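Student: Chain by chain, the residues:
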Amino acid sequence: MSEVRRFLGDAGLVAARDLRIEFRSRVVVGQVVPFALLVLVLFGFALDADHRTLRMFASGLFWVAVLLSALLAVHRSAALELSDGTLDALRMSGLPPAALFLGKATAVFVQLMLLEVVLLGGLLVLYGVQVVDPMLLLVSGLLAGVAVAAAGTLYGALASGLGVRETLLPILLLPVLAPVLIGATRAFDDALGSVAVDGWAWTGLLAVAALIATVVGALVHGVLIED
Amino acid sequence: MAGRYRDGVPVVELRGAVALLGNFPALAGVDLTVESGEVVLLRGPNGAGKTTLLRLCAGLVRPESGSVEVLGHDLVRERRSVRRRVALLGHATGLYDDLTVNQNVRFWTRAAGLSAVEAIERTASALLRMGLSERLLGQPVHTLSAGQRRRASLAALVVRRPGLWLLDEPHASLDQSGRDVVDGLVGDAVAAGATVLVSSHELERVAGLGPRVVTISGGVVVDDTGPAVGGGSRV
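As you go down the protein sequences, you meet chains A and B in turn.
Residue numbers for the first sequence follow the working numbering, beginning at 4 and rising by one.
Residue numbers for the second sequence follow the working numbering, beginning at 1296 and rising by one.
Simulated from the structure, these hints should not be mistaken for lab results.
For clarity, every value in this text was computed on a predicted model and none was experimentally measured.
Glycine included, every Cβ here is placed at the ideal spot set by N, Cα and C.
Be aware that a few hints might be false.
Unchecked claim - Part of the chain A face toward chain B, derived, beta carbon under 10 angstroms:
1. GLU6
2. ARG23
3. ILE24
4. ARG27
5. LEU83
6. GLY88
7. THR89
8. MET95
9. LEU98
10. ASP136
As the list claims (entries may be wrong) - Every beta carbon over 10 angstroms from chain A, so not counted as near; a handful from chain B, in silico:
11. PRO1305
12. PHE1319
13. ARG1507
Next comes chain A alone, as it looks inside the complex (with noise of 0.2 angstroms):
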């Protein structure tokens, strides 16, 4: 009990510092916030829509601008370990490579939930749409959360050791966020009431990728970040 109280210390210990890092420089809230937010703008004017229009597409719209920025929030995460020497002071810590991407994607978790609460923000405001089954739109909000946290944690680690993380990035996650693209995006046209699905079979889809990112993350992190 005390090995798993330690370890989620650790996990503790490390998102609380990557929240202060990014209390201070405001990275999130002043520049990935409004890159979603300008994202969402622009895909209204693109489409040149109605309210009605907008709000059939609102929920691709939303998590195509949520993915976007959660690039820039991955990217971000992964960078602060690469500053001056900050991995090795890690490596020779003796933190466990687990806790570590645990509390990496908390972090990112968090930042990603404020993005999306802000983005929703938009969506009612900027596209007219009604939420008409917030449970829905919580749990598939939270889920969906989790699987890009934990997959972005994972594949900012993978292209930071290839060292060409800047690039590389989008190319690399973009194509696993897809099956998290397709069942959140559904899962919101249910709790937003623009097209008749069944959003929590497609939730049920967000939960088995949020699993399976968080496991793979806290077990192969410890080779990406060494090797």
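Once you have looked at the hints, place chain B on chain A.
Tutor: For chain B alone, kept in the frame of chain A given last:
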């Protein structure tokens, strides 16, 4: 003075250690044994392999062949058992730019497995020991000078109270008082029973510790003459 480590094995034992940087053999078969409490000065020209040797002992470079044992553990199979007991001061600081000095040192203290209470106590003591003023502690690291960052980096290592210090040009970027602090730090570490491997071009400074001098060139040990530099006495 130079005894055996707890369980009767040397603190560092390299046998035919080969390490590659890319395809280049930075270490080409190093044999080196360091006993507990020794101060070993690594000297040699730029590119001789000193930094790689220190990183190898820290478990940050994987040996291509040969054996590397540190603190009685095989570094290939048991790296994590060793690392928390080893401090490496390299060319980089290992600090997060957007965190304050205090937050950085406290994070590394907690990461080393110490409790929150211990972290607060040791952080305060280490920062004081490194001569960092109260005013600097709340400043983000990116606002500090290179010398101040170096001191903060050392503070983050001091809190761990390691059994083996690996110091790569520890006086770099430091002013006179900072260099004196480093010398005092090494002296204290040795007095407390720690072992020190230091790579430095400032031989006069290290000479005061009466080190065993090991010369490296071309990735191999070419001379291992014992305590010879300047005839200084061991701390």
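Student: Of all the hints numbered above, which does this structure not satisfy? Sort the numbers upward.
Tutor: Numbers 1 and 10, in rising order.
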